[in-house]
Amino acid sequence: MKKIVQYILVFFVLSSCSDNDLGEVEDLDSGTIEVTVLLGDNAAIGATVTTDPETKTKIVNETGVVVFNDIPPGEYTVKVILSEVPDFIYFQEIILAKDETKKIIFEIPEIPELTEQDLDVASWLNLSYKNLQGIFDADAYLAYWGDTGTDILKANRMVDGTLVELDAYYLNSQTNIINDVWAEHYIQIRNINLGIDYLIDSSNIVADNINRVEYEAQFKFLRGLLYFNLIKIYGNPLLSVTAEIDLSGPPNYPQNPNTTYTQIEEDLLFAVQNLPVSESNDRANQLTARALLAKVYMTMAGFPLNETSKYANALEHLKIIQGQYELIANYNSIFKEENEVSNSEILFRIAYDGEENTSSSFNDYWGPIGVTERDALVLVPGFANSFNNMAATFNNPVSFPIVIEDNRFENSIATFSVSGSSVVNEENPDNWRPLKWYNGELPNADFSSTSFDYPLIRYADILLLLAEAENEINGPTALAYDAINQVRERAYGNNANNITSNLNQEEFLEAIFLERKLELCFEGHRRDDLIRGEKLQEVIDDFNNNNDFQKDFQPHEYVWPIPQSEINLNPNAIQNPGY
16 MKKIVQYILV FFVLSSCSDN DLGEVEDLDS GTIEVTVLLG DNAAIGATVT TDPETKTKIV
76 NETGVVVFND IPPGEYTVKV ILSEVPDFIY FQEIILAKDE TKKIIFEIPE IPELTEQDLD
136 VASWLNLSYK NLQGIFDADA YLAYWGDTGT DILKANRMVD GTLVELDAYY LNSQTNIIND
196 VWAEHYIQIR NINLGIDYLI DSSNIVADNI NRVEYEAQFK FLRGLLYFNL IKIYGNPLLS
256 VTAEIDLSGP PNYPQNPNTT YTQIEEDLLF AVQNLPVSES NDRANQLTAR ALLAKVYMTM
316 AGFPLNETSK YANALEHLKI IQGQYELIAN YNSIFKEENE VSNSEILFRI AYDGEENTSS
376 SFNDYWGPIG VTERDALVLV PGFANSFNNM AATFNNPVSF PIVIEDNRFE NSIATFSVSG
436 SSVVNEENPD NWRPLKWYNG ELPNADFSST SFDYPLIRYA DILLLLAEAE NEINGPTALA
496 YDAINQVRER AYGNNANNIT SNLNQEEFLE AIFLERKLEL CFEGHRRDDL IRGEKLQEVI
556 DDFNNNNDFQ KDFQPHEYVW PIPQSEINLN PNAIQNPGY
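Numbering-wise, the numbering used here comes out as the position in the sequence shown, counting from 1, plus 15.
There's no promise every hint is true.
What the hints assert, rightly or not - Label-pair ranges, simulated between beta-carbon atoms: (1) Ser295 to Thr492: 46 to 52 Å; (2) Pro416 to Glu353: 25 to 31 Å; (3) Asn400 to Ile119: 48 to 54 Å.
Since the hints were made in silico from the structure, they are not lab data.
We put the beta carbon where it would ideally sit given N, CA and C, even for glycine.
Produce the entire structure from the sequences given, and follow the hints as far as they go.
Right under this line is the structure:
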């Protein structure tokens, strides 16, 4: 019987600072942790470093160093794992003071003896799902990609310099976040590949209650999800489908968008065929896999691939999902903690329980003034007008009460600030903030929970994709109108604001994109929509025409650069055009 020997797919991370002049940034209470990991006299290449309480998982650069910037003061356990022996954890406990740069060194004399072991597949899968938390939290995917840099959210220039760089499209292949996101995804893909490798080797032992094929389908769903992230963000990621590494020469992984999309499609089709019919909504089932696969097809059908035949593939899966879920009557209720588990609208959520290392950061990174600690992301001027059918802009000062027929407005825009136990109407729209995750009812809502889940796929998204795919193939048919109007009827409480059946194909498409903007705001879909619809340049031009602070967007910057460290250390890696 073959035992499992664990290796890590090595993607190196360099930390650097940008030279861009982004103006003054507010001095928050924070410090820096610099960690050096040495193996013998050399850098411990491939070692991963994290902290407890958790910040981000990072991989050391070629000098064995990682840097954690903007870390809140407090007590931390710094953990190091060598790529050669991931079962061994080295740690040091530190206390970080405000404005301090704490430098620590791990001197590991030699690689511990490598032991062979069986893999607890169930625990490994649980860990793989749990690891999605760090990728999709409000201070991660939703902040650095999602709606930032679009016509919904922008970085607060007085708070977070790194996010300002990304928001303004000052993209540098050595920017910390660009490197960290790459590393974090590949760390998790390596873990997923490890589980798949173990399952497909029939000589390995699994528990009697483990269905090998079903567990393989779960892992492949997760791999498809993460590679879908990578291809949207980086355009041309490196593809690895095994945890085994050929150490006889330099890295040599396929790097071609078509190859990666083919692998994503294969993984998700396998998941569709082999996942259970039903499952809790924090685990994938057949319909979840169909939904993700449909989103992949919709992306392939749009820019930059423009494989329009994929609309038919997407529509096939979307029609199967249609009617299997239903919209919750009250839009506000979707995001309440009490409704997260038994929610007829959520196909798949990233679950957080608020406990140490598993808490979400909604209302920490963004949210109403007086609630959010960082206030790192704020509304793009004019976004709130979108809920008002663009009938008029909000004056300054704004007169209260504000009457907007679309009930998503009051559940998406914080027109108030919080001072102690008081809620104060903000007459200046510049002080309005994103609002979505809170418990109870306004004005006595509870914003303090760290257990809010992130609904990665919900039924409103599916209905709007169904309307879009149908429109692309057949024009605005009754099926397409019904799908978009289900979403609008929930938003307005009646059918008086339904889209009428007199739009041409292009007008209907514009209506869908606007509906997605309002329905899914702050849920991380807007940039993807603008890119595949070839609307990102138009949106940024409009922003630049109406704001003093300009975004420096270039046509190639709809994707990020491949981290320069990967290019330097992997002679076969190809940088994206324009970088």
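Quick rundown of the hints versus the structure:
A beta carbon spacing of about 35 Å between Ser295 and Thr492 contradicts the range 46 to 52 Å that was offered as a hint. Taken as a hint, the range 25 to 31 Å holds for the pair Pro416 and Glu353, whose Cβ atoms sit roughly 27 Å apart. For the hinted restraint 48 to 54 Å between Asn400 and Ile119, the CB-CB distance of approximately 50 Å keeps it satisfied.
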